[in-house]
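A.B. asks: Chains as they are written, first to last, in the working numbering: chain A, 869 to 1179; chain B, 252 to 531.
Think of the hints as simulated: they come from the structure by calculation, not from any bench.
Backbone N, C-alpha and C define an ideal beta-carbon position, used for all residues, glycine too.
Watch out, some of these pointers could steer you wrong.
Stretches of chain B that chain A covers, calculated by requiring three or more beta carbons in the stretch to come under 8 angstroms of a beta carbon on chain A [claimed, not checked]:
#, segment
1, 349-361
2, 365-376
3, 390-398
4, 437-449
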Amino acid sequence: MCGIAGLIHKGKSADIGGQLTSMLQSLKHRGPDSTGFALYGNPTENEYVIRFKLAEQADLRTGFRIHDEVKERQAEVDRRLEEMGARVTEKDIATEYARRYRFTFDGDMKRLADYIEDVEDVEILSIGHGLELIKDLGDANTVSGQYDLGGFEGTHAIGHTRMATESDVDIRSAHPYWAYPFNDIALVHNGQLTNYWGFRREMERRGHRFVSDCDSELIAVYIADRMDQGDDLEAAMERSIGELDGVFTYVVATEDKLGMAKDVMAAKPMVIYESDEFVALASEEVAIRSVFPHEIDTYDPYEGEVRVWQS
Amino acid sequence: MAKLDSRQASEMGMRTEQLTGRTQQVFFSPEESDNLTYSWAPEVDFEKHTELDAENRSANEVNRHIRTLMEEGYGSITILNPGAKHSLGVGILSRLSLRFEGSLGYFGCGLLDGPNVVVTGRVGWSCAENMMAGTLVIEKNAGSSFGAAIRGGDLVCKGDVGGRTGIDQKGGTIIAGGRTGAFSGFMMQRGRMVILGDAGKSLGDSMYDGTIYVGGKIADLGVDAVEEDLTEFDCGWLKRKLDLYGMEAANGVENMTKIVSGKQLWNYDNLEPTEKKLIL
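Let's have the full structure, built from the sequences with the hints guiding it.
C.D. replies: Here you go:
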């Protein structure tokens, strides 16, 4: 069933890491297998942040050479970044198998992303000016603690608690999904697309690649593709209501916007709280109450509804 | 309770299936007042009031505590800080005046059979599912599947309500002060639904009895839902019912739209499923 959540501060930064951790922990019962965060920090114009993994968590428990292999993979990523002309200004070792780099680059970002992902078992989780995508196995408190997300300052964020139903319990299948290779677009989704394969083939013919068989990744790439063709976020989402088939509620974020859309059957839940300074939305109101314990007015969006908020 | 004769019932779109002799359900007669409450129901005093703070209690603890208080004779209980927790106030099967100061999460107040409940905030999905008797009044909005499969009682939301309101409604009355979402009244079987605002698409889809009254616009009607003229009896009933809860139709009850089943989808004959099997 999965739980999704999002929040956006209008015109200011706040501890979005801590707030989203609370919200997602409240949704643990909807999906205890993995938890993911797409956090939008304060962007810098000339710099990018890349989050990537060098192995799955489970890989570290297999084989004698895995620890050396992880180091070799990182060295190869470093070499390729340098070869492509990217200048790394900051390196963080988030976990033994996950890295966060800050870098400057003025070349073709898709070529760079393709070249890094060409390193065997390396997967880019996100690239963006503000976006940092973190996902791993376990509940929100576990992942947040592991990646030190409490106190992460930013304007908006989306997150997901996953109950694995049709694919493995691993980082690759966890949400959110970055819309590879478009900067700063990430998406979480609760539901199921019934025209997934046809749509995916169409997107692949247009040159897009997918790391998973998950329909949520397709929606992320679809939205980014529409925006690349000139739609603004709201128009792309409005179009998705008619073109995507199935039951779904999704939350998508760009560098400065947060949006939600619900299919025409409105079969998947969403509760919204909105004030002049802040918007929070989640599969269940208990998640919003973890940030706002006092009485608040909330509402359910209706069938086919699309909402977009600016940070 | 006012008695409806068959003509009035027919005018209101309520055409009752005849299942005499086929059911094992025990029907209560209003004359047999002893049968209107369960034999084990606690004797409560409505003048005896207490408060219960739910802030640091689980839903299970709150529900158990309500029962304990009822056994101690409290007939009026106020729950503070419900905090949108799920499944609060469920399965209360006897008389009680219960008030939630705040909002409830999913499956709030399900399976009610007799109490009078007020929620000052909002309720999440599937509020009052399978309600059998009593009243439940929500002061703000409600989520989807509001009053799913209710069989009796009055379920009132003064704000907007989500999709699939009254899905599989089997009796009782649902009143929405604002709008409702798609597929409200889906597979409605009996009872009445009053929507004072706009109704979402596919209203009354596949309903095979019951009546829906709409004060606002209807996005579109579902399969086999048809419009019928309001009668004086409808208007009288609507006026009385809305007055009970301090509500009114913006354009007057006489201008509401009445929706009933077109009776074209029925695929039932006089045989019970077990009897059909014997024939096949």
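A.B. asks: All hints are to be evaluated individually against the structure, with a verdict given for each.
C.D. replies: Now the hints, each set against the structure:
Coverage of a stretch by a chain is defined here by at least three residues with a beta carbon nearer than 8 angstroms to that chain's beta carbons; for the segment 349-361 of chain B and chain A the count is 4, and the condition holds. Beta-carbon proximity to chain A at under 8 angstroms applies to 4 residues in the segment 365-376 of chain B; the threshold of 3 is reached and the given coverage holds. Residues of the segment 390-398 of chain B with a Cβ under 8 angstroms from some Cβ of chain A number 4, which satisfies the need for three, so the listed coverage holds. Counting residues of the segment 437-449 of chain B whose beta carbon lies closer than 8 angstroms to any beta carbon of chain A gives 0, which falls below the threshold of three, so the coverage claim is violated.
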